[in-house]
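Novice: Sequence:
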Amino acid sequence: MSSCYAMNSKAPCVASSATLYRRGKRLTSETSKHELSDAVSQLAKNTLAFSLLTLLSRITGLLRVSAFAAVLGSGRFDDAYQLANTIPNIVYEFVIGGMLSAILIPLLVEAQQRHGKNSAEAWRVANLLLGYVGVILAFVSALAIVFSPAIVKSLTHLGKGVHAEQSRELATYFFRFFAPQMFFYGLNAVFMAILNARGVFAITAAAPILNNLVVIGTLLLYHFGLIGITGLAIGTTLGIAAMALCQVPWLLAVGWPMRPQFSLRDPLIGSVFSLGLPVLGVGLANLLATLVRSNLLYTVGSGFTTYTFCFQLIMMPYGIIAVSIATVLYPVLAEHAAKGAKRDFLASLVVGTRWTVFVLLPIIVLLIVLAEPIVRVIFERGQFTYANTQLTARFLAVYALSILPYSLVILASRGFYAQQDTRTPMWINIVGVLISIGLMLAFYPALSILCVPIAASVTYCVTTFLSYFILNRRLSVEDGLRDLTTIWRMLAAACVMSLVVLAFQRLGRSPLIVIERGEQFPGHVSARYDAGGVLLLHSPEELKEFWQLIARDDTPPPPVDFTKSRVAVVFSPRGSTTASLAVSHFVFDREKHEGELLITVHRARQPSSTALKEPAYLVAIVRAPVENLSVRFEIGTSPHRRGWFAALQLDELVRLLVASVIGLGVYVFVSFILQIPELTLALQKVRQRTKLGLRQN
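The numbering used here runs 174 ahead of the 1-based position in the sequence shown.
Certain hints may be false.
What follows is a list of derived Cβ distance ranges for each label pair [said to hold, decoys possible]:
#1 Leu838 to Ser700: 21 to 31 Å
#2 Ser684 to Arg863: 37 to 47 Å
#3 Glu765 to Leu462: 51 to 61 Å
#4 Leu332 to Val835: 42 to 52 Å
#5 Gly682 to Ala512: 37 to 47 Å
#6 Ala512 to Arg683: 27 to 37 Å
#7 Lys718 to Asp595: 24 to 34 Å
#8 His331 to Ala620: 15 to 25 Å
No farther apart than 20 Å at their CA atoms in a straight line, the calculated lysine-lysine pairs in the PhoX-like style are these [claimed, not checked]:
#9 Lys766 to Lys787
#10 Lys766 to Lys738
#11 Lys334 to Lys738
Just so you know, these hints were derived from the structure itself, not from any lab. Cβ atoms here follow ideal geometry from the backbone N, Cα and C, with glycine treated the same way.
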């Protein structure tokens, strides 16, 4: 699932970045400010071009995840779907994904450069690569279908209980349809490499968008009952197939004689096996970490779905900004490494690092401080409830801390690759995996599934430090990383921004928030509630006991601070005329700790013939230490419809946008006061372009 996003074309930036510095010009400490300004400006321009291509894919990917939340919710059913849809990525990356990106595709590019893009040898390598990838992945896909129960079991073994077992069986069923995705992932990677080398980028950028649209269409068909679970599974795999096969007309147009070949005796394959051991080591380490992480996530209902949704959210700033900067900067680093210009190399690395930190910090602050409204706006509708929002928001707030160190690790890895060193990042990766596994297992008893994002954040901080320390020691440049000290000023600006946004977020909070409602209480309500009433819950134990009655599976209840809040459960009067409840008014007397609720009872569209059926109910968090709560009912004149305004969370969206604008404004203002060079340079470029535009007019 995430791989189809991660495989967006990076070649456009690599190709265009050759002009980042003119031949013979070096970025040294003696370089004039004007030259440095031009270099950074070109870096930003190339990064923007790549980011826009990636942004289209990310937006449709976010819409797809939002559709998952609305249609499938965030429970054991969606856990099964998300796990089964992730396994093809896990197996693909382990079997051949790492080989493709690190060895096979570079061999194809080398053949094109040495013999010519249209040479017989270049096309032979392309066909051999296609045949090699196709045969292996077709075979692995078939094996995966046969051994699907064992594969799913290995990833979910720690998940106990009836709901976990049912989810495991459903995941196995889904995976039998999802296994062929591995074959199409391989085709997609080969097709993209060939087209990008030929200067064709548009279709490779549009391919993931097509996948997202196909999956969204499939979800809508499932939602309206036009297809069942099998149709949902088939449609998901068709999306991956469409992503790969839509590139075939462009491949034929560039003249590729597509005739897959397969020969284990070919010298190309022999070199792959000799070069592939470091890649295999990284793959094994990542596979082990994935096994541990998946098992821990599956111990909690909706745990795996929560991780998947948050992963998509944090990959947006990483994929749009961090990957773009690292990709654009890579050929510059490679050029300096080839010339032995150590000071130039470190100077370029420092520029990329500072820009990565400067741009990502405000985004990370917003994701942490505004995690709950972000999750509510994107996900909370349909089957995705308030409880799901709370769990996902807590996970996201912690996971967002990993964005910056992970981005810097990727940037540092480009520094090693530019020096033709693949072993050092391999060992750093393996050390990071071992640290991550140890931290997850150590933190799980106390923090449950929050151990996953905490372990990720700590691990990437450690591997970032190791990467930069090794690079600095290897290059042996005096004061090589001195300019990174300006990052402390960026952190100060981010801290001020977080305080302002947090203060704004606390303004105007509703004293009461509905977390669950239903047309018929699934448990038994005693006779004293025949005329309607309210039940106050005063402790986490009472909430947990009650939650087991209304929860669809073993998804945990939302966190509530019972020192400052209470949970109110309102039951409507019994009878065939009731269908759903809505809060019309709430009054609270802080001195007496008493409150009063006015509840509107909306009529059912199709009244039941059973007058004494279980009543409609509503569960709400009262953000006050109320000890006595009364309730009055009024009959609504029409069925309860939340409407598009509420379904789209437009009120929350407006507050979120205002908070974001205020926060970014504070970040820019404080950065200006602290004289952060990146902001000063950006403002200078804006002024220059404005003056140039006025002159042209």
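Novice: Take the C-beta atom of Leu332 and the C-beta atom of Val835, compute their distance, and say whether it sits inside 42 to 52 Å.
Specialist: 43 Å, holds
Novice: Within 20 Å, alpha carbon to alpha carbon, are Lys334 and Lys738?
Specialist: 34 Å, violated
Novice: Holds or violated: the 37 to 47 Å window for the beta-carbon distance between Ser684 and Arg863?
Specialist: 44 Å, holds
Novice: Does Lys738 lie within 20 Å of Lys766 when you go C-alpha to C-alpha?
Specialist: 15 Å, holds
Novice: Using the C-beta atoms of Ala512 and Arg683, is the stated range 27 to 37 Å upheld?
Specialist: Cβ of Ala512 to Cβ of Arg683: about 57 Å, so the range 27 to 37 Å is violated.
Novice: Is 21 to 31 Å a correct range for the gap between the Cβ atoms of Leu838 and Ser700?
Specialist: 53 Å, violated
Novice: Just to be sure I understand the hint, the distance between the Cβ atoms of Lys718 and Asp595 should be within 24 to 34 Å; is that true here?
Specialist: 53 Å, violated
Novice: Take the C-beta atom of Glu765 and the C-beta atom of Leu462, compute their distance, and say whether it sits inside 51 to 61 Å.
Specialist: Given about 59 Å between the Cβ atoms, the range holds.
Novice: Is 37 to 47 Å a correct range for the gap between the Cβ atoms of Gly682 and Ala512?
Specialist: 58 Å, violated
Novice: Starting from Lys766, check that the Cα of Lys787 is at most 20 Å away, please.
Specialist: Violated. Lys766 to Lys787 sits at ~36 Å, over the 20 Å cutoff.
Novice: Does the Cβ distance between His331 and Ala620 fall inside 15 to 25 Å?
Specialist: 21 Å, holds
Checked against the numbered hints above, the structure violates hints 1, 5, 6, 7, 9, 11; every other hint is satisfied.
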